[in-house]
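Colleague: Single-letter residue listing:
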Amino acid sequence: MGKFTIGCFASLVGSMNLDFAVKLAGAAMEKGHKVDLWVSGNATMISIKGQRAFKDYSSLEKPLKELMDKGLNVTACEACAEARGYTKDNTMEGVKRHSMDWYLASAFDADRVLHIGGE
Amino acid sequence: MKLAAFVSDYRMTVDTLERLKPEKLGIILVGNGVYHATIKENGSASLLLNTAADFYALSEDLETRGLSSSSVDSKVKVVTYGDVVDLIFNDYDKTAWI
Amino acid sequence: MATTKLGFIVQRPPYKSENPKLALTHAIASQSVEVYLNDGDVVTADVAFIGDGVLNCLKDQKAMEQYDLSSTESHIKMGLLVDLNILVCKEDLEKLGLTENDIVLDAEEFGADLKINVVPYQDINKMMEEMNHLLFF
Numbered sequence: 001m002g003k004f005t006i007g008c009f010a011s012l013v014g015s016m017n018l019d020f021a022v023k024l025a026g027a028a029m030e031k032g033h034k035v036d037l038w039v040s041g042n043a044t045m046i047s048i049k050g051q052r053a054f055k056d057y058s059s060l061e062k063p064l065k066e067l068m069d070k071g072l073n074v075t076a077c078e079a080c081a082e083a084r085g086y087t088k089d090n091t092m093e094g095v096k097r098h099s100m101d102w103y104l105a106s107a108f109d110a111d112r113v114l115h116i117g118g119e
Numbered sequence: 001m002k003l004a005a006f007v008s009d010y011r012m013t014v015d016t017l018e019r020l021k022p023e024k025l026g027i028i029l030v031g032n033g034v035y036h037a038t039i040k041e042n043g044s045a046s047l048l049l050n051t052a053a054d055f056y057a058l059s060e061d062l063e064t065r066g067l068s069s070s071s072v073d074s075k076v077k078v079v080t081y082g083d084v085v086d087l088i089f090n091d092y093d094k095t096a097w098i
Numbered sequence: 001m002a003t004t005k006l007g008f009i010v011q012r013p014p015y016k017s018e019n020p021k022l023a024l025t026h027a028i029a030s031q032s033v034e035v036y037l038n039d040g041d042v043v044t045a046d047v048a049f050i051g052d053g054v055l056n057c058l059k060d061q062k063a064m065e066q067y068d069l070s071s072t073e074s075h076i077k078m079g080l081l082v083d084l085n086i087l088v089c090k091e092d093l094e095k096l097g098l099t100e101n102d103i104v105l106d107a108e109e110f111g112a113d114l115k116i117n118v119v120p121y122q123d124i125n126k127m128m129e130e131m132n133h134l135l136f137f
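Protein chains in written order, with this note's numbering: chain A, 1 to 119; chain B, 1 to 98; chain C, 1 to 137.
For reference, chain A alone in the conformation it holds in the complex (with noise of 0.2 Å):
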């Protein structure tokens, strides 16, 4: 089994691309795979607490908090979230906080990339 590192930069809500990234980190996971996912720019919104779902919006925290209790490795770009407002005080627990450093030493050992980027 390998290590596999996703990057994702789109936002929460306003793209599904963050769902796309969480569905496949799961399916990963299942395979018996490491899955490290880093949020950067628009995509540390799925770092903050609290966020009430409705059905009209895309809503992460659930699956996320599951994949994470299985093992799911998730950092937000700490520059980014401040940059928005996101706090250390409202970041969801689990997710760590790094400079961006971090996202391209998960890289390093990483068997696969898959950098979600774009828009």
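It is worth saying that the hints were derived from the structure and are not from the lab. Computed from a predicted model, the values in this text were never measured in an experiment. Even for Gly, the Cβ is constructed at its ideal location relative to N, Cα and C. Treat the hints with caution; some may be incorrect.
What the hints assert, rightly or not - One side only, chain A facing chain B, incomplete, derived with CB under 7 Å:
1) 23
2) 32
3) 48
4) 55
5) 57
6) 114
7) 116
Said to hold, decoys possible - Once the Cα atoms are required to be at most 30 Å apart in a straight line, the calculated DSBU-like pairs of lysine-lysine come out as:
8) B:21 <-> A:3
9) A:70 <-> A:55
10) C:126 <-> B:21
With chain A's structure known, arrange chains B and C on it following the hints.
Modeller: Just chains B and C, lined up with the frame of chain A:
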């Protein structure tokens, strides 16, 4: 290079995909990219399907959009998230989200 | 001791979204990644501007004056200062009616030794072949 390229748009704003020249290319249609697998615009299949590549479309994203597997072009294999993981790890060595 | 090579491919113009700038800031972070790695392990970052992405390289950007934002141009110069290999597609410049005179080519004012490499797309393809992982922006 064996490259798995993800296409998530129907109207693409970049021409990167047609310029990539890997030894092996897989195009994985996800999100709105799955329309390339089904829509016959003015009666013709998507030009993307003329690319020298193996094509895959994510079943969950087809179903989300009201598209059935039976409407998928014969060049395109319908795959699950688990299949995408296997493609990434077993069939290709690099990925590109275009 | 191992080296992992990352290729950052910028294919979209600047300022509509922050993503092209994030490509540069993430690539520049390769300079501080060692804190997470074992001694001797290295991550390198090469950056290529292709398609409309070459518009990121136009010089005399006034983002600071107009929007109080650091310009993409300044990030490119910072990339040169930390010795990133930065490639710009020659054919795409020409396609958009631009020449080397229109883009940032060096960061001499910051003391950078490296310069931007304007190269045929074929060379960028070669770079992509040589990388361990690709990150498209």
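Colleague: For each hint, tell me whether it holds in the structure or not.
Modeller: Against the structure, the hints:
no.: 1; hint: 23; result: holds, 5 Å
no.: 2; hint: 32; result: violated, 10 Å
no.: 3; hint: 48; result: violated, 23 Å
no.: 4; hint: 55; result: violated, 14 Å
no.: 5; hint: 57; result: violated, 15 Å
no.: 6; hint: 114; result: holds, 5 Å
no.: 7; hint: 116; result: holds, 5 Å
no.: 8; hint: B:21 <-> A:3; result: holds, 26 Å
no.: 9; hint: A:70 <-> A:55; result: holds, 25 Å
no.: 10; hint: C:126 <-> B:21; result: holds, 10 Å
Hints 2, 3, 4, 5 from the list above are not met by this structure, while the remaining hints are.
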